[in-house]
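Participant: Protein sequence lines, in the order shown, are assigned to chains R and A. Residue numbers for the first sequence, in our numbering: 779 to 1237. Residue numbers for the second sequence, in our numbering: 779 to 1237.
To be clear, the hints were calculated from the coordinates, so they are not data collected in a lab. The structure displayed is predicted, hence computed values, not measured ones.
For lysine to any residue, the following SDA-like pairs were computed, each having C-alpha atoms within a straight-line distance of at most 20 Å:
(1) Lys1179(R) <-> Leu871(R)
(2) Lys959(A) <-> Leu1208(R)
(3) Lys903(R) <-> Thr1157(A)
Listed here are the chains, written in short residue letters.
There are 2 protein chains.
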Amino acid sequence: MLIKNKIILDENDIPTQWYNIIPELPNPPQPPLNPATSKPLVPDDLAPIFPMELISQEISNESWIDIPEEILDIYKLWRPTPLHRATMLEKALKTPAKIYYKNESVSPAGSHKPNTSIPQAYYNKKTGVKRLTTETGAGQWGSALSLACSLFGLECTIYMVKVSYKQKPYRRSMMESWGGKVIASPSDKTQTGRNIINNDPESPGSLGIAIGEAVEDALSRNDTKYSLGSVLNHVILHQTIIGLETKKQMEISGDYPDIIIGCCGGGSNFAGLSFPFIHDTIKKKTIKELRTLAVEPTACPTLTRGMFAYDYGDSNKLTPLVPMHTLGHDFIPPGIHAGGLRYHGVSPLVSQLLNDKFIKAVAYHQLEVFEAALLFVKTEGIIPAPEAAHAIKAAIDEANKCTEEGKQKIILFGLSGHGHFDMGAYDAYLSGELKDYYLPDEDIQRALKTIDKLTPSSR
Amino acid sequence: MLIKNKIILDENDIPTQWYNIIPELPNPPQPPLNPATSKPLVPDDLAPIFPMELISQEISNESWIDIPEEILDIYKLWRPTPLHRATMLEKALKTPAKIYYKNESVSPAGSHKPNTSIPQAYYNKKTGVKRLTTETGAGQWGSALSLACSLFGLECTIYMVKVSYKQKPYRRSMMESWGGKVIASPSDKTQTGRNIINNDPESPGSLGIAIGEAVEDALSRNDTKYSLGSVLNHVILHQTIIGLETKKQMEISGDYPDIIIGCCGGGSNFAGLSFPFIHDTIKKKTIKELRTLAVEPTACPTLTRGMFAYDYGDSNKLTPLVPMHTLGHDFIPPGIHAGGLRYHGVSPLVSQLLNDKFIKAVAYHQLEVFEAALLFVKTEGIIPAPEAAHAIKAAIDEANKCTEEGKQKIILFGLSGHGHFDMGAYDAYLSGELKDYYLPDEDIQRALKTIDKLTPSSR
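Just chain R, same shape as in the assembly (with noise of 0.2 Å):
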């Protein structure tokens, strides 16, 4: 009589492979270009920062890939995760359709982050690295690595930008909770810094300079290997276990959803949750019957209004250039509070998947986004991070959109994450203090520019 709130998997039920999209494309992305020359990247070019079997991944054309036992071992720690019917949701929008969503905050940092940082530890572990470096922004991404270094006895240190490590010391606690070594970017510990901080002393820092603190400082010692949270094919391949989980509890629940959405930064969110759902799409040949959308803020339209081109991962400049929708490398979004959504670039897997049309963006301003947010705390009771409520509005408006036309259609979204270090975004939303950007076009036409200058159209 009841509906059933939650569709619960047996630990035995964990996907035991990855699933690798790449080979299934009928357009694989064009690949990395090393920026001297201009060359396609080859596996070697990457190992200096990553252990090779992270690399045979990245470039990897099999289709599924094994989870080693020590990482699942490790995922059980709070996976399988709950998939959710919103039905408290769908009571108060008085909708027709089912609402679904996926929830990755059980993890112990709270995202869907340990998805990946557990088997990065892992395979650098394996190849004796003894410290891992990255940077973080909003935090998501630091307190997820440090999780999975204190899990495998590896140090951590984590470059964060300097602004966040004043304004968020509660996410640096956690991360120094689990061992992590957390330095405020810039700093005096790497060139990148030092050179930073000559120039400007009162710089709050950025992610482009804290990426180049945690590679600099990664190449500089033997032990040391440099991790990344998003963008790249083997954190995309390590994400897909939330789709993988998902297929199982939707196939258990009966239903089949119509419209899969993920709020989008880097694009791991997104893509761990919809592509192996879009593995069904390509299998059947027809691009239509599925609906997926990347939800990203319109402070940070990478989507819907940067260009696709080969450019940098990093302002600094010291990634390789990468195939995907961007903003330019020099693009500084505005101080939104979903920090994890406030990235120049995506994912080129996401990009070429959005060019080819396999899935559909959409960009929302955040007091919108943070109404949306607000129904989903007082209906279904979890608060949100403000990165996952874009999906949820996006979410919302499918629901009312059934509505109008009376369809019962079934909404799969991702709660990639909850919001109980994100309180202080929301006291400003209830206290009316937050407010909407609006990004002008000669703003994004400026921005854009200099991406033209690095990616010729001979690429």
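Got chain R; can you put chain A on it based on the hints?
Facilitator: Okay, now just chain A, sitting in the frame of chain R:
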């Protein structure tokens, strides 16, 4: 080959009845007294602040009480909660013991508290109440009641101890996100508050004052009742869902606990986990085979250094006199970070079971508790609330005893909540700023003297 990390139940396995230990006790607790008459309380004495169905549960002599379907439906937002095997903690301790923990931190409010806030909101709603008032110190209970009121469409006013209101703005934001109205106490909204402010405009407030304001507020409006988050029989009744679920999960594991451990403030978390197991002990008519440990802070040693007596539940002497272990209603514990354990008294049921040797009590200092918490964080990944860390400390001590004695005992403890809103405490510990408090005997004796005056031995 892998050890099962978690035991997950299906939604259909959520217990459908709560367990009331009272009728099975060899010595049920003495009744609460009306302080004006010194006579046992009658239901009508409580009717102005509680709905009759909760009063009936408070004095019920039924062993099993059905959980209404509407409550079960909301429980399913997060229940059943996982029972974890702490494999990585065991490994770090090199103990032959098996350690299990019941994870109540997965509720939307982050603790076990919604197990009772949901039924309390439900029964109030059912009788036409429009609004609930309560007090909160650390914020766990205020969060849980705000969540529950949001889900049942009730207004919720929370008097939050002023010092916490200022120190923990994010707990306040959380309550406000669910629609709760949070008022710093003492406030100018009640006579109780105004009296305090007139005497001391800078008063930081106390739980006693906040209870006074919440009760006065509830009494002043016909559409409003008051709600309490621990101590009372009906609260403990609702919390037995924890232990009842755990019993099903332990059965699946093939193990039965030798030792059950819970942190104990007002007692609802400890009782909720342990009473369903004590039921087995009572049925077998032996109290020796199961060891049950209530863990408290040395800074508020109600069970280990308090007196068993009739005392007020609040410092304002507004509540009935209840028979319990108490440090005196005037006792103000030092400012330890486990705010949920800073209560001068404890549930009469827990007190009675301690008297009758069904349970034991142990107290720990906060530094050793945080040391245990950090070991748990680094091995099991989850960041526990400082309250829950008391249980972790005791579990580690018991596991180490097993190592010394070469015995493979089964240890079960309750992880009552996560520490996402307590990172300031972790920060203080990690930076070496945290200290222990030693309560001299004369301080305890002085506090206890206030009880003697109130509870002549004739009672």
